[in-house]
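From first to last, the protein sequence lines stand for chains R and F.
When you line the first sequence up against the numbering used here, it's residues 229 to 545, in that order.
When you line the second sequence up against the numbering used here, it's residues 229 to 545, in that order.
Hints are computed from structural coordinates only; laboratory data are not their basis.
Hints are not guaranteed to be accurate.
Said to hold, decoys possible - Taking CB as the label site, the calculated pair distances span:
#, chain 1, residue 1, chain 2, residue 2, range
1, F, Pro438, R, Gln524, 48 to 56 Å
2, R, Ser529, F, Lys412, 30 to 38 Å
3, F, Glu291, R, Lys522, 38 to 46 Å
4, R, Lys500, F, Gln293, 53 to 61 Å
5, F, Asn250, R, Ala252, 49 to 57 Å
6, F, Glu436, R, Glu402, 20 to 28 Å
7, F, Lys412, R, Thr243, 39 to 47 Å
Each residue gets a CB set at the ideal place from its N, CA and C atoms; glycine is no exception.
Number of protein chains: 2
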Amino acid sequence: MVEQFVVGVDVGGQTSKIGVVNAAGEILSQSVIRSDVYGSDADAFLSALADAIKANIADSGKEGQIKGVGVGAPNANYYTGTVSYAPNLAWAADKEVKFAEELSAKLGGIPVILTNDANAAAVGEMTYGVAQDLKHFIMITLGTGVGSGIIVNGQLLYGHDGFAGELGHTKVQENGRLCGCGGKGCLEAYCSATGVARTAREILDTTEEPSLLRSLDNITSKDVYDAAKEGDAVAMKIFDFTARLLGKSLANFVSFSSPQAIVLFGGLARAKEFLYEPMMEAMNENLLHQWKGKIQILFSSLKESDAAILGASSLAW
Amino acid sequence: MVEQFVVGVDVGGQTSKIGVVNAAGEILSQSVIRSDVYGSDADAFLSALADAIKANIADSGKEGQIKGVGVGAPNANYYTGTVSYAPNLAWAADKEVKFAEELSAKLGGIPVILTNDANAAAVGEMTYGVAQDLKHFIMITLGTGVGSGIIVNGQLLYGHDGFAGELGHTKVQENGRLCGCGGKGCLEAYCSATGVARTAREILDTTEEPSLLRSLDNITSKDVYDAAKEGDAVAMKIFDFTARLLGKSLANFVSFSSPQAIVLFGGLARAKEFLYEPMMEAMNENLLHQWKGKIQILFSSLKESDAAILGASSLAW
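Could you put the whole structure together from the sequences, leaning on the hints where they help?
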C-alpha cells in the first residue's frame, strides 16, 4: 500500500500556515501566506491558499498520496464546512464562506475538513501532545482571543450546530468589559493577551505603585511577562488577577463536563510560572467536593508554530 | 416473548417514589416511602426501599417480568452505582453508599442502574416528554436546589467520573450568597425555590414598596408566585431578578454544548408566566451572534409526580 499524507492548514487573522504531515506527526514541508491582503474577496484568498497548498505538496514530493486537507480557522464550522462572521478575517467578516467546498474544488477534489482553530488544537494535543492519554479534557487557547475545544469520550463536542465550545464568551464579570463579540464581561475580554494588556492599563491607572510598565506607551502581554520576570510587583498583580479569574471560570467548566484535565495553549500560556498557582487555587476554591484537588491543569507540549498545523492535519486522517 | 417491565425509583430528601412502568411509559402501580426516618443507617433505608419495590411489583402482578430498576437520587453516580456526600440524605451525608450493589442484592439480583436525579429527569423528558425529538438539550431542574442533566447526541454527558452536569454550582455572582455546597455565588443559591425566598427577603428589606408579601413570616417561592398572580409589583421584581440571572447563565451553558433547547423542570418552573420573557431576553442578550433567537426554552410536559419515576425507569430499559 502507498504511504499516505495529509495537509494541515492553520488560518489566522494575519497569516495562514500550511504543512504536509506524515502519520507520525512529522511536518515534511511547510510555508506561510498572508491572510489579510485580500480585503473582502474570499475567492482571492482561497485561490492563494490553494496555490500554496499545491506548492507545498510538490515540495514534499507526495503528489497523489494526499488523503485530505484539515483546516483550523476562526468561526469555522465542522458540519457545514463554512467560515462565517469572523471578525478577524476581512473576507469572512460579514458573510458565510463555503470554505471546504470551494477549497476542495480548487484542489481538484481533495477532501477538505474544517473545524474551528481551538478544536483543531484540542485534536492536535490529543493526537501528538500532553493529552494523548486523556479521553475527557478541555483545551483553552489563550491568544489574541480565548478559544476552546471540548473533548468528551475522546471526541470533539460539536453540539447541534457545530458551534459548541465558545467558552471565551462565557460571562465572567457583571457589567464587565466590552468584548469583540459585542457582549459584556466575556472571559476573552480578560484572559486573552489583549485582556491582559487592558488589565495592565486599568491597574496602572488606579494605583501609584512604581512599575517598569509605566514607561511604556503601548503595553502588551509580553511586556507584562518581561516585567514580571524582573520581579515587578504590578506585573505580578496583573497575572494574579488574570489567573484567579481564569481559575474560577475553569471551575465552572469542570461543573459542565467533568474533564480529567484542562489543557492551556497559546501565547499567554507561556506565563505559566506566574499563572499556575493562583489559577489552581482559584479553581479548587470554586470546585465541588468531589473535584477539589483532582483536576489537572496542563500546558501544551507542542511547539506553537507546529501545533496548529498538526492539529488541523489530524482532522484529515 | 414475555412482556417486560421496569421499576423507576425517585429518591428525594423527604420521600422516595416507586413505580412499575411498561414500555409505553405507563405507571402500573406506585407507592411512596419516607427517606428521612433512618438517621445515618443506609442499610435500613435500602431494606425499606427493597420491601417497597417488592410490594409494588407484587401489586402490579409482573413478578418475573422485571428487566431492571432505575434509580434517580441526589449525588448519585452512574459509573460507580454509589450515592455519596449528599447533604439532603442523612444516611449518605458523610459517606459513600454502594447503593446499586446493595439494593440489587436485596432484590435477589435484579439489576439496579443509578444516576443523579436531574440526569434521570433529562432521560425521562427525552423518552416521554417535550424533548422526544431532541438530541442536544440541557435539562435544568428548579426545585429546592438546581440540578442539571446534559444530553449530547442523544446521550447523557457523564464526564470522566460520572459527575458531569452540576450547573447549579456554576458561579453567577462575585462574592455572592453562600450555597449549601460551601461555595459562594452558585446559581442554586439564587434560582432555586429557596433562592427565590432569599431574594424575596433581600428585596423586601431594601425597599419600602408595599407588597402582599410583607405580612408573611416565612416567605416561600409559592407565596411569591401567589402574590405575582395578584399583580404584586415586588413579587414580579423577584421573578424578574431570578429570570434574568437564570437567562444569563443559560447563555453560558449554550456556549458550552450548543444545545437545540433548554428544558426547565421542577416547582419553580411552574412560574413560567413570570419567568419566560425576562429569561429569554437575558439569554439572547448574552448569546453569540449565531445563537441569538435560535435556542428554545421549553417547560417540561410531564406530570411532576410521574416524571421522576418515568425518568429513572427509562434508565433500566
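Results for each hint:
no.	hint	verdict
1	F/Pro438 with R/Gln524: 48 to 56 Å	holds, 55 Å
2	R/Ser529 with F/Lys412: 30 to 38 Å	holds, 35 Å
3	F/Glu291 with R/Lys522: 38 to 46 Å	holds, 44 Å
4	R/Lys500 with F/Gln293: 53 to 61 Å	holds, 59 Å
5	F/Asn250 with R/Ala252: 49 to 57 Å	holds, 55 Å
6	F/Glu436 with R/Glu402: 20 to 28 Å	holds, 25 Å
7	F/Lys412 with R/Thr243: 39 to 47 Å	holds, 44 Å
In terms of the numbered hints stated before, the structure departs from none.
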